[in-house]
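Asks: Chains as they are written, first to last, in the numbering used here: chain U, 128 to 467; chain X, 128 to 467; chain Z, 128 to 467.
If you're looking for bench data, these hints aren't it; they were derived computationally from the structure.
One or more hints might be untrue.
Just so you know, same-sequence chains aren't split out, so a pair can sit in one copy or run between any two.
Once the Cα atoms are required to be at most 25 Å apart in a straight line, the calculated BS3-like pairs of lysine-lysine come out as [unchecked claim]:
no.: 1; residue 1: Lys-333; residue 2: Lys-184
no.: 2; residue 1: Lys-184; residue 2: Lys-209
no.: 3; residue 1: Lys-160; residue 2: Lys-463
no.: 4; residue 1: Lys-209; residue 2: Lys-160
no.: 5; residue 1: Lys-463; residue 2: Lys-333
no.: 6; residue 1: Lys-191; residue 2: Lys-399
no.: 7; residue 1: Lys-399; residue 2: Lys-184
Bear in mind that the values here come from a model prediction, so they are computed numbers and not experimental data.
Chain residues, written in single-letter form:
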Amino acid sequence: MADKRFFAVAGPFTTDEIARRTGATLVGSGNDKLVLRDVAPLDTAGAGQLSFLDNRKYIDLFRKTGAGACFVHPDLSREAPKGVVVLVTPEPYRAYALAAQAFYPDPPPVPGIAPSAVIDATVDLGEGCRIEANAVIGDHAKLGKRCLIGANAVIAAGVVLGDDVRVGANASVSHSLVGNRVRIYPGARLGQDGFGFAPDRKGFVKVPQLGRVVVGDDVEIGANSTIDRGAGPDTVIGPGTMIDNLVQIGHNVQIGRQCVLVSQTGISGSTKLGDFVMIGGQGGLIGHLDIGTGARIGAQAGVMRDVPAGTTVLGSPAFPVRDFHRMIAALRRLAKTRDD
Amino acid sequence: MADKRFFAVAGPFTTDEIARRTGATLVGSGNDKLVLRDVAPLDTAGAGQLSFLDNRKYIDLFRKTGAGACFVHPDLSREAPKGVVVLVTPEPYRAYALAAQAFYPDPPPVPGIAPSAVIDATVDLGEGCRIEANAVIGDHAKLGKRCLIGANAVIAAGVVLGDDVRVGANASVSHSLVGNRVRIYPGARLGQDGFGFAPDRKGFVKVPQLGRVVVGDDVEIGANSTIDRGAGPDTVIGPGTMIDNLVQIGHNVQIGRQCVLVSQTGISGSTKLGDFVMIGGQGGLIGHLDIGTGARIGAQAGVMRDVPAGTTVLGSPAFPVRDFHRMIAALRRLAKTRDD
Amino acid sequence: MADKRFFAVAGPFTTDEIARRTGATLVGSGNDKLVLRDVAPLDTAGAGQLSFLDNRKYIDLFRKTGAGACFVHPDLSREAPKGVVVLVTPEPYRAYALAAQAFYPDPPPVPGIAPSAVIDATVDLGEGCRIEANAVIGDHAKLGKRCLIGANAVIAAGVVLGDDVRVGANASVSHSLVGNRVRIYPGARLGQDGFGFAPDRKGFVKVPQLGRVVVGDDVEIGANSTIDRGAGPDTVIGPGTMIDNLVQIGHNVQIGRQCVLVSQTGISGSTKLGDFVMIGGQGGLIGHLDIGTGARIGAQAGVMRDVPAGTTVLGSPAFPVRDFHRMIAALRRLAKTRDD
């Protein structure tokens, strides 16, 4: 299914092997040795291909899928068309993810240093690193094992990267300490100075930005996202946090573990997020806020106040979800009561 | 007019030649051989220069312009000051565009490969390509004729570009099939993996992103915009679609032909746009939506539901335009009825 | 305090020297020769370190700070803990900025041209420039004295940079005239053609973009921000204006002096800003507007109309601040009057 120019498929795997790897339960008997050669979306999957149903919106595609086997939630398994081997699991998307990882494993980079890469003599390069064409690594930078530095990326002086870090093409990293297994996507910017200046009669006085960006293990930082270094304290991204494309993170921001920041979100300086915080696309937070653990901030929300742990807020300015829905409902009724 | 350091002017052209090339009608007699040497804005245009009036907001500038000739809508042509040759057309901006193309033609790039470019031996390079300094092109990439790859841009392994494609400085393209005459502006990011992961007790399980970005003919992709490749299906940009700067397009998004996406728009994963859809600046769409052909989505709108063909929606959350205006009007009246 | 891998500290300075350099007043007697070796945030500062209190939110940290000395507003100086030398000033943040500049001066770049930089023979390079690895500078570009061009940055043909300009890693500049002491952060894009096309039966007719970007002295342009060149007129950024990350500025926009544009702001084509305009994060302005001197536009505001000088607007669509607050208050009351 996947374009051979870009992806190499592993396998095949039998259905029982897939069940074993993903924790799903094989429904029916005599299905355990069906050979699966690939994964595919519901609407294009054919015999020997494995698919999944995760969103009720696509149940019609599920009902007529030609897939050889399919992950599905127990509540929907009876909707499966005849001939499809059903793999039941409460988390079909997670099971699919694990199966797809089996078919398309992500091996460590092929070690090697492109002749055109410019690496300072003082750089400490771990075993098995791959440095692609025209990448630049500044003095006293330190890279762990099996790092991949993409073409035309720039790792500035003194930066520390853990093991298995991948930096995409044309990304730049300065003034940063980065954990293990971190992925920095193409064009992301880490460590530049934050937006710090004091007004003055004659203009603005620049405030030296003396902190760093400290990135925990297993973090992803999306394409063209920007993370400014701290002004004095550090800017901190907790382990396992997922940051989408075009996200802005201001100086001194502290983000906990396993947060999710959808694309084009902006977090102003010195705001703190607990763990497991989710922010929808284009969400915005002013500076110096405390956002509690497990808080959920809606897409395009404009957060001007602290958000307690576990709370969901929506709207601009943001209100607790129930208040927001009441306000919108009240406004709709009000607009209807007037004849035009 | 245009700075000689950056632009070279062609011509001159006579007024009747310009009328012929643009479909405009020359008003009055004896004006057909006036020599025009350049285009210019209304307020700075002088003798021998060609301008246009397209927005009523600038009618005062039109009334006192010193331009030699001017494109104008028939309804406004009598507002022309004495001595200006009037070129009447129902589409003054389009006529100006064609005239400006005559004065400032965009020739194919001067062929050549910079010595510092890094091009894999397996790359298939069409005739007449120009590869600028420090550009990197990965193995088995295939470029059509007359492509221009800007300085420090990165074309990853296996990427296919059609004829006359231009890739700006520091842009990166991977996992993509790109049509003819496509322009990818500086810093744009195509083909990185989308924001796909499944929650797990211990964090997130990454979902391999196995699709591509497929870009139709005549598409423009603005500076620092990001287009993620599909997760299984492809991310598809239809022919003639214009994408402004800093736009985010998530995995599996399908966009029809001749859509217009103004800057900082964000489209979440798996949403589908028909043809001729327009989205204003900073518009946001959640995932898995269907947006019908000819729909218009206002600036900063937050679209949470499908939008039928031909409908205009505004606001966050977005409502049909009439409902939105009623809601705002009702709210303004309500706020005024209370004495403060 | 600051990480030695990234920052080198100057000094030490005595308290009276710091008072002299910043205009602050030393409170108490016998404190004038205390030796300060560094700056630090309130919560981590220790003996011999200088801190500041600028935001009442952090007064508890001030009350228990271990700093050797601290800038503080006269109204709050009595809250200082025992043993802290108090430096009183009406502008503590500005005083801190000046002190931090003393401890962490920003020297001109070490001159030199990386062997891998690609600089056309016709480039006019001022004295003391530093051109880092793999940077590319096109023909007839002209750089002032002591410019720093970061690794993998691209300065296109004909561009003019003043003295002491710094261009970050992977940034690109074309069709631009840039003043003195301008800082262009990593990944910023200046001078690409704007979003200009006229609709046509068969698609869109591209309008040649014949203007430039003209940047005044002392401007900052944040990481991954995009500034399109003018269509005919220039795009102009006035002196001292501060532009944060991921900001979009369309063609023909004119911005006055000392404006502040917080991150992810978008300004559509041909809009004009006076001097001292402030725009909060994710603010959006449609095209062809006039924004008066000293106007303040709130975060996420959607500005559809001209804004008079000195006015504050909030909301999307934006209203004068008083109207906006009344509307929100009225809506909250309305939502509460209904039992659910």
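Asks: Give a verdict on every hint.
Replies: A quick look at each hint next to the structure:
{"no.": "1", "hint": "Lys-333 / Lys-184", "result": "between (52 Å within a copy, 22 Å between copies)"}
{"no.": "2", "hint": "Lys-184 / Lys-209", "result": "within (20 Å within a copy, 64 Å between copies)"}
{"no.": "3", "hint": "Lys-160 / Lys-463", "result": "neither (61 Å within a copy, 61 Å between copies)"}
{"no.": "4", "hint": "Lys-209 / Lys-160", "result": "within (17 Å within a copy, 77 Å between copies)"}
{"no.": "5", "hint": "Lys-463 / Lys-333", "result": "neither (52 Å within a copy, 44 Å between copies)"}
{"no.": "6", "hint": "Lys-191 / Lys-399", "result": "between (47 Å within a copy, 21 Å between copies)"}
{"no.": "7", "hint": "Lys-399 / Lys-184", "result": "between (36 Å within a copy, 14 Å between copies)"}
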